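Protein chains: 2
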Amino acid sequence: MFTLVPSGSVGSASGFLAGAVRAGIKSKEELDLAILYSEVICMAAGVFTTNQIKSAPVILSQKRIVKGRAQAVVVNSGCANACTGGQGLADAHEMANLAAAKLSISPEEVLVASTGVIGVPLPMDKIRAGIPKIKPTREGGHDFCRAIMTTDTRPKEMAVQVDSRGTKFTIGGVAKGIGMVHPNLATMLCFVTTDAVVTADFLPAALQKAVDCSFNMVSIDGDTSPNDCVFLLANGLAGNESIDFDNGGDFQEALNAVCIHLAKSMARDGEGATKLIEVMVEGAEDQVWARQAARTIAGSQLVKAAIYGNDPNWGRIVAALGRSGARVSEDRLVVYLNDVCVMKQGCPATFSKEEMTLSLSNSDNVLIKLCLNSGDGQATAWGCDLSEEYVRINSRYTT
Amino acid sequence: MFTLVPSGSVGSASGFLAGAVRAGIKSKEELDLAILYSEVICMAAGVFTTNQIKSAPVILSQKRIVKGRAQAVVVNSGCANACTGGQGLADAHEMANLAAAKLSISPEEVLVASTGVIGVPLPMDKIRAGIPKIKPTREGGHDFCRAIMTTDTRPKEMAVQVDSRGTKFTIGGVAKGIGMVHPNLATMLCFVTTDAVVTADFLPAALQKAVDCSFNMVSIDGDTSPNDCVFLLANGLAGNESIDFDNGGDFQEALNAVCIHLAKSMARDGEGATKLIEVMVEGAEDQVWARQAARTIAGSQLVKAAIYGNDPNWGRIVAALGRSGARVSEDRLVVYLNDVCVMKQGCPATFSKEEMTLSLSNSDNVLIKLCLNSGDGQATAWGCDLSEEYVRINSRYTT
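Quick note, the sequences are listed as chains H and V, same order. Read in order, the letters of the first sequence are residues 701 to 1099 in this note's numbering. Read in order, the letters of the second sequence are residues 701 to 1099 in this note's numbering.
Hints in this document: simulated from the structure, not taken from any laboratory. Mixed in with the good hints, there may be bad ones.
In this list, chains with the same sequence are indistinguishable; a pair is considered to hold if it fits within one copy or across any two.
For lysine-lysine, the following DSS-like pairs were computed, each having C-alpha atoms within a straight-line distance of at most 30 Å [said to hold, decoys possible]:
hint, residue 1, residue 2
1, K802, K728
2, K868, K1069
3, K868, K826
4, K1069, K1044
5, K767, K726
6, K909, K1053
7, K826, K1053
8, K868, K1044
9, K1069, K802
10, K726, K1044
11, K728, K909
12, K728, K767
13, K1044, K826
14, K1053, K728
15, K802, K964
16, K1044, K909
17, K763, K1044
18, K833, K1069
19, K726, K1053
20, K726, K964
21, K835, K1069
22, K909, K726
23, K763, K868
24, K833, K1044
In this text the structure is predicted, and so the values were computed from the model without any measurement.
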């Protein structure tokens, strides 16, 4: 059982401080360098990009998080520090060292993340000048959230308070957008903090589970940027009975909720997007196929363009399902668009195209539901529509 | 050795006739119903969509082509006859029967193909009225080519004359566009004819090989519409020594050339496209990875948008490579954009961004070349850029 923390963010859990400055890495006058810090050392878990080309901060953080603990994260936007060779790795190390010096902690306890343009060296003079100016505070989570944004149009943050087995703890998170629903490249960053006491084994397992039903459902497997990462830090200050696999239900539920909220916010904030698309697949032979089907449909360029045009062109949905790899019996398939049946047992259903177009044009959130009637597998994926604005943004990103 | 046949088309090989009429299936006043016919029965091979949702004409033709022969193809545009259940299959059969009656041949020798909107019943009254009016002629290949177009902006056809081992034969083909480079849905149809004598074993093998290095390199595996098909008909009228695996080199080379030409024409004619993108991958550990890498890059939405914006944002190329599944050593990787080195051994190369932007804006054909320096695998894929116009076309296709 959990409740929303008003104006919650990554600094909402006890003992977490955050802050950001404008270091001048981004060309726009915006916050672009930030620190997240816990007053005590945390248990830490991370999920990283599956891209074979990994940015320097990912290489560094992936190595450091193996020991399962961390105390701070330093992040910049405006430069990905990817494809920057040995110098890039040295720069990521120096960035961690600078943050450690500022916070008077060991550099080994500092994780690093970057987002921005690939193939450009990190402007270390700006990093060196900026880090000492960051003043982490209890309210600084919102600034931290803004500092990691690139093409995001709105901040993505949330915190919940969980009441579990007589004690209370908080889980808070911030994320930056994936830019588009199929993140070919745009970086996804997410930082989640909690004051709960969690076992070393359960923490990474819970994070992976939460990521699988949230961020991985707005993105195609493997379709990740060199910089993607999700961090979960748990500092244990809530003093609850240690959470493990046998009593972790409430924690998992709340963590899933935070991650799903952030993931949906990303999808809704896709570059140029005007609508959130939610794709529910039910009755697949198993969950793997349900996930594959939901993701393929949510990511289909033609489905996205049709939804943008308020066009109930369900043939595109069925065709995306057909190529998703999920086993499908056409004659059992039922498809709903905003709760109206558009295809039934492999044949067109009767519906008013005019009413459906009107319903789509009035929907900020479009629901596509497919019943495969072949088993118990179910999954939900999120995407956004594809507009001319998306192309404008992405044809003019570095120039 | 082969030479281009001036104004060549699917009717260029001896004994092939083609024709088309305006049956009123498309809302525009355009040819939309066509017949391709050989004066004698042909050896026939086909490659079909891998989508699990198959249109009625694909189900019918796939079954008929198993026996390896055919004498005619009847095609319509404007309606896909997909997701139309048992009635759709009955309609596809009737369409073949009507063509057979018109041509006085057995219905079993007629293949059927359709392209257009999914989930709409075939307007059989228009098909019944239209087929008897088609008059196949030796010059009718160009009309046939126009009749299969949907959002294509220009016809795609080519014929070559092959001089092999003392005899001459002709291979001609027409195709309709895949609409976009990653054909999530838009249908690809291709019809190739030849008067060569070819063995029953070699014909399907040669077609598969040609499709693999052409149409499959503008499309992601499995990312096909319910209607995709490629047919190859060989009527043997050239009277050459029978072509088989041991003497098929010239035939294969010419067939590949025809298919690659049609495939590149499709990519160049992608919806809203302003540029053809050619992606050459060299030095991969093996050919499978080279193909995967080339296709992933050619299909990357962000690469396509960058090329549209004349933006030398090579980080997107490298990131697409990194998620392609191909094994990559970042420190061996060299990337060229229009023959200018932009990344070398994992680090940015020095180049003038202004000159590169100018070079891109002057290029109708943009060449992306990657040297992986890890082996002998090489492959080429084709795509097109992604423009606002693409979104406009695809958000307003059925409405």
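So, going through the hints one by one against the coordinates:
Proximity of K802 to K728 under the C-alpha cut-off of 30 Å is restricted to the intra-copy arrangement: shortest distance 26 Å within a copy versus 69 Å between copies. Taking the shortest Cα distances, K868 and K1069 never come within 30 Å of each other, neither inside one copy (37 Å) nor across copies (57 Å). Neither within a single protomer nor between protomers do K868 and K826 lie at most 30 Å apart by alpha-carbon distance, with minima of 41 Å and 71 Å respectively. Taking identical chains as interchangeable, the C-alpha atoms of K1069 and K1044 lie at most 30 Å apart only when both belong to the same chain, with a minimum of 12 Å there against 47 Å between chains.
In this assembly of identical chains, the alpha carbons of K767 and K726 never lie at most 30 Å apart, being 33 Å within a copy and 64 Å across copies at closest. Proximity of K909 and K1053 under a CA criterion of 30 Å is satisfied in neither setting, with 40 Å inside one chain copy and 43 Å between copies. In this homomeric assembly, K826 and K1053 come within 30 Å of each other (Cα to Cα) only across copies, at 23 Å, whereas the closest approach inside a single copy is 56 Å. In this homomeric assembly, K868 and K1044 never come within 30 Å of each other (Cα to Cα): the closest approach is 48 Å inside a single copy and 53 Å across copies.
In this assembly of identical chains, K1069 and K802 lie within 30 Å of each other by CA distance neither inside one copy nor across copies; the values are 51 Å within and 45 Å between. Proximity of K726 to K1044 under the C-alpha cut-off of 30 Å is restricted to the inter-copy arrangement: shortest distance 25 Å between copies versus 51 Å within a copy. Within a single copy, K728 and K909 get their C-alpha atoms no closer than 36 Å, and across copies no closer than 52 Å, so neither meets the 30 Å cut-off. Taking identical chains as interchangeable, the C-alpha atoms of K728 and K767 are never at most 30 Å apart, the minima being 37 Å within one chain and 66 Å between chains.
Taking identical chains as interchangeable, the C-alpha atoms of K1044 and K826 lie at most 30 Å apart only when they sit on different chains, with a minimum of 26 Å there against 60 Å within one chain. Only between protomers do K1053 and K728 lie at most 30 Å apart by alpha-carbon distance; the minimum there is 21 Å, versus 44 Å within a single protomer. In this assembly of identical chains, the alpha carbons of K802 and K964 never lie at most 30 Å apart, being 35 Å within a copy and 57 Å across copies at closest. In the homo-oligomer, the alpha carbons of K1044 and K909 never lie at most 30 Å apart, since the shortest distance is 34 Å inside one protomer and 38 Å across protomers.
In this homomeric assembly, K763 and K1044 come within 30 Å of each other (Cα to Cα) only across copies, at 26 Å, whereas the closest approach inside a single copy is 51 Å. Proximity of K833 and K1069 under a CA criterion of 30 Å is satisfied in neither setting, with 50 Å inside one chain copy and 44 Å between copies. Taking the shortest alpha-carbon separations for K726 and K1053, only the inter-copy value of 19 Å comes in at or below 30 Å, while the best intra-copy value is 46 Å. Taking the closest pair of Cα atoms, K726 and K964 come within 30 Å of each other only inside a single copy of the chain (26 Å); across copies the shortest separation is 39 Å, beyond that limit.
Within a single copy, K835 and K1069 get their C-alpha atoms no closer than 47 Å, and across copies no closer than 46 Å, so neither meets the 30 Å cut-off. In the homo-oligomer, the alpha carbons of K909 and K726 never lie at most 30 Å apart, since the shortest distance is 34 Å inside one protomer and 49 Å across protomers. For a Cα distance limit of 30 Å, the shortest separation of K763 from K868 qualifies neither inside one copy, at 32 Å, nor across copies, at 65 Å. In this assembly of identical chains, K833 and K1044 lie within 30 Å of each other by CA distance neither inside one copy nor across copies; the values are 61 Å within and 36 Å between.
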